[in-house]
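Colleague: Order-wise, the sequence lines are chains A and B. So the first sequence is residues 35 to 176, counted in our numbering. So the second sequence is residues 11 to 597, counted in our numbering.
These are computed hints drawn from the structure, not numbers from a lab. Be aware that one or more of the hints could be misleading.
What the hints assert, rightly or not - As a list, the in silico SDA-like pairs of lysine to any residue whose alpha-carbon atoms are at most 20 Å apart:
| id | chain 1 | residue 1 | chain 2 | residue 2 |
| --- | --- | --- | --- | --- |
| 1 | A | LYS119 | A | ASN137 |
| 2 | B | LYS483 | B | GLN583 |
| 3 | B | LYS483 | B | TYR579 |
| 4 | A | LYS63 | B | GLU65 |
| 5 | B | LYS416 | B | GLU402 |
| 6 | B | LYS229 | A | GLU62 |
| 7 | A | LYS46 | B | GLU402 |
| 8 | A | LYS42 | A | THR153 |
| 9 | B | LYS228 | A | ILE60 |
| 10 | B | LYS232 | A | ILE60 |
| 11 | A | LYS46 | B | LYS229 |
| 12 | A | LYS144 | B | PRO223 |
| 13 | B | LYS228 | A | GLU62 |
Stated by the list, open to error - Here are some chain A residues pointing at chain B (derived, C-beta under 8 Å):
| id | residue |
| --- | --- |
| 14 | GLY49 |
| 15 | SER55 |
| 16 | SER66 |
| 17 | ILE68 |
| 18 | LYS69 |
| 19 | THR81 |
| 20 | ILE85 |
| 21 | LYS119 |
| 22 | GLY123 |
| 23 | PHE157 |
| 24 | ILE166 |
| 25 | GLU167 |
Everything numeric in this text was worked out from a predicted model, so none of it was measured. Glycine included, each C-beta is placed from N, C-alpha and C at the ideal position.
One-letter residues, chain by chain:
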Amino acid sequence: MAKVLRSKEMNKCLGCFTCMSVCSVINEKDHSLIKSSIKIRTTGGMTSRFISVVCLGCVEPACMEVCPTNALTKRKGGGVVLNQKKCIGCRLCQPACIVRAVNFDEDTAKPIICRHCGTCARFCPHDCLQMIEVEEVSDDVK
Amino acid sequence: MLNEKFIRVLNVDLENGKLEIEEREDLMLYLGGVGIATKLLQENYRSDLPPLAPEQPVIFAIGAGAYIFPVLTKTVAMFVSPLTGELGESYAGGRLAMTLLMAGFDAIVITGKAKKQSFLSITDHNAEIIDARAMWGLPIGEVGRHVRDRVMHEGRSAGKRSIIRIGQAGENEVAFACVCVDSYRHFGRLGLGACLGSKNIKAISVFGNRSLPVMNQKKYFKAYQQIYKKCTTTDMMAKYHDAGTPINVLPLNKAGGLPSYNLQAASFEAADKICGDSFAEKNLVRKVACTGCPVGCIHIGMYRREFDKGHEYEAISVPYDYELIFALGTFIGVDDTDSILTLINEVEEYGLDAMSAGVCLGWVTEALDKGFITTEETIVDLKFGQVENYAEAIKHMSLGTNQFYKDLGKGTRYAAAKYGGEEFAMQIAGNEMAGYHTGYGSLVGSAVGVRHSHLDNGGYSYDQSMKEFDEDKLIDMLYEEEYERCMTNSLVMCLFARKVYDRETILDALNAIGWELTDEDLTKIGKRIFQAKLQVKKAMGFNQKAVKLPKRFFETPSMTGKLDEETAYRIIQKYTKKTDALLEEIF
């Protein structure tokens, strides 16, 4: 079965940012947090709670629908897959995402798209992030 | 600098508003963190001027491997301490190390005094001295919010910035004023807050967003994973996350090493009411971590405060730790968790080092009781356990309300020398004692430690683990641990992780990011830094043999029995021979 990332228990979050570090390192070969596709942030400084901004793995992805070059296609289980070669860096996918989970890499001029690879969940020390099994979605929109 | 063969230093001249960036290859010999900070202090401090002269430098430095390996989360600050008059060295976690790395600086050297009361904004593109006169006088929490709002409006998102700031104690140059880092962490000891206050700097924000490529992903991530695993799946770090450092209250109390009532006693009858489990049951609402630490040892306690009649309440949350429970609890006879959190909140908002503040209040309480001073000086009556009056005294201490509180603001040593009661003024070489009366290790360890902190050489830990007291073994241990920590503080690791980062692990980590070091190199680096610190101390006029220890240390039996004054001084003499020899060595 396909899996998608879910950040269901953010009440447990310590704010250690390990998920962001390992995401950047594994997916973008970079130490910088800006390269991470998952973002942990506060809602008003350190005294407020931590929230996550990450791809929700939409079955009907709005980011994909606005892509003018079909660089984004449906991922099995939800979310999208980016074809770097087809992407022209127009940024239309960014505002299309209602939860603002599409980040942009200024160095490569391409969006940073969560692959639901599960690295962040594997290194979350407090089990805030989990990989959940889901029904596979047919790829007919493609 | 990560991926480079040089150390990148930002020099900020507040007097002339000038910036300069240096790429220093020569500093690589000192690895990073405390090593490079010591050298930069040595190059920049002025032995002919007092600690708070505008020319004196304040240095911040991050370690080799900072943030990119688990638990290498701290930043070191070095300065001339207004409390001891010599080497100032303090550590803080939070987000500062990560943001400095992402801003592209290994070290920042701040000199001069800003023309107006200001905040310093450091980014990967610029550093600006910004007029912040309106913030002068504001408590620490509020300053953080204002700086945060401003930084946010400039489009710099949360999570990638760090904000450090001082309270009124720092503004008023109280010699043990602290600097708050990202709400919950502090450069606590030795008065960095006064140094920033004397430079007209209320806050510093650091924001970094640059890209930082991983050079050898396979090697790096292998080393990373091994360390991460040790931190999260072994019991090496478990206690720090569980009940946290307050877990030490009960064992230390039982063993008779918990300083209480201005060290009139070394155990506290109500210890079980203020132990780790009591805080966890009554007040603990949250745990958080420094950036890059999967452990999460920061324990946040909440208490309810009635701010007005008619059932008017607010909830206040503050971080708590063992040392604060000792200083603002047992040391001044405060025996319930809410009261301790109340006092922690006071020192937080005014920006005082909680440890020095509590120990200082211990002396005031006893000096008042013994008639060295009267309520004319103290304004409020102070008796062990009186929380409301202690809260008032903390305010007076921070504001320097009268001459007595101004004197107190110069530290316990200074105040006791002026008003009397030096034999029970519980400081060691000018730094107020830590929460351990465990034996010669804790006492002599702090006396000979470079910054007179229990963490210089961990002597208190020797007291707790040794089977039979051996003077020479203690001396060797203190000496070896001192240079070992000079090396580990060049990474700058959180000391809680010292078991995780054994020599082999350190070499694996550093060599995975481009260093080519051997075990022997690490020893040399440690000794080289230790030597540089001793040189700085000597030039600052510190004389180890002139340190006088308060009599109380030898009257109240410690965890390992009553300490003998002559023995303590003999150990210091012997130890000094070793450091004198180190000063002659060539590396």
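Colleague: Each of the hints needs a verdict: does it hold here or not?
Modeller: Status of the hints after comparison with the structure:
1. A:LYS119 <-> A:ASN137: Holds, at about 18 Å.
2. B:LYS483 <-> B:GLN583: Holds - the C-alpha atoms of GLN583 (chain B) and LYS483 (chain B) are around 15 Å apart, at most 20 Å.
3. B:LYS483 <-> B:TYR579: Holds, because 16 Å separates the two Cα atoms, which is no more than 20 Å.
4. A:LYS63 <-> B:GLU65: 42 Å, violated
5. B:LYS416 <-> B:GLU402: 15 Å, holds
6. B:LYS229 <-> A:GLU62: 16 Å, holds
7. A:LYS46 <-> B:GLU402: Violated: LYS46 (chain A) and GLU402 (chain B) sit about 37 Å apart, past 20 Å.
8. A:LYS42 <-> A:THR153: Holds. LYS42 (chain A) to THR153 (chain A) sits at ~16 Å (cutoff 20 Å).
9. B:LYS228 <-> A:ILE60: 10 Å, holds
10. B:LYS232 <-> A:ILE60: OK: LYS232 (chain B) and ILE60 (chain A) at ~12 Å, within 20 Å.
11. A:LYS46 <-> B:LYS229: 31 Å, violated
12. A:LYS144 <-> B:PRO223: 17 Å, holds
13. B:LYS228 <-> A:GLU62: At roughly 13 Å apart (the allowed maximum being 20 Å), GLU62 (chain A) and LYS228 (chain B) satisfy the hint.
14. GLY49: With Cβ-Cβ at 5 Å, under 8 Å, it holds.
15. SER55: 7 Å, holds
16. SER66: 5 Å, holds
17. ILE68: 5 Å, holds
18. LYS69: 7 Å, holds
19. THR81: 6 Å, holds
20. ILE85: Because about 10 Å separates ILE85 (chain A) from the closest Cβ in chain B, which is outside the 8 Å limit, the hint is violated.
21. LYS119: 22 Å, violated
22. GLY123: 16 Å, violated
23. PHE157: Hint on PHE157 (chain A): holds, closest Cβ of chain B at ~7 Å, below 8 Å.
24. ILE166: 22 Å, violated
25. GLU167: 24 Å, violated
In summary, the numbered hints that this structure violates are 4, 7, 11, 20, 21, 22, 24 and 25.
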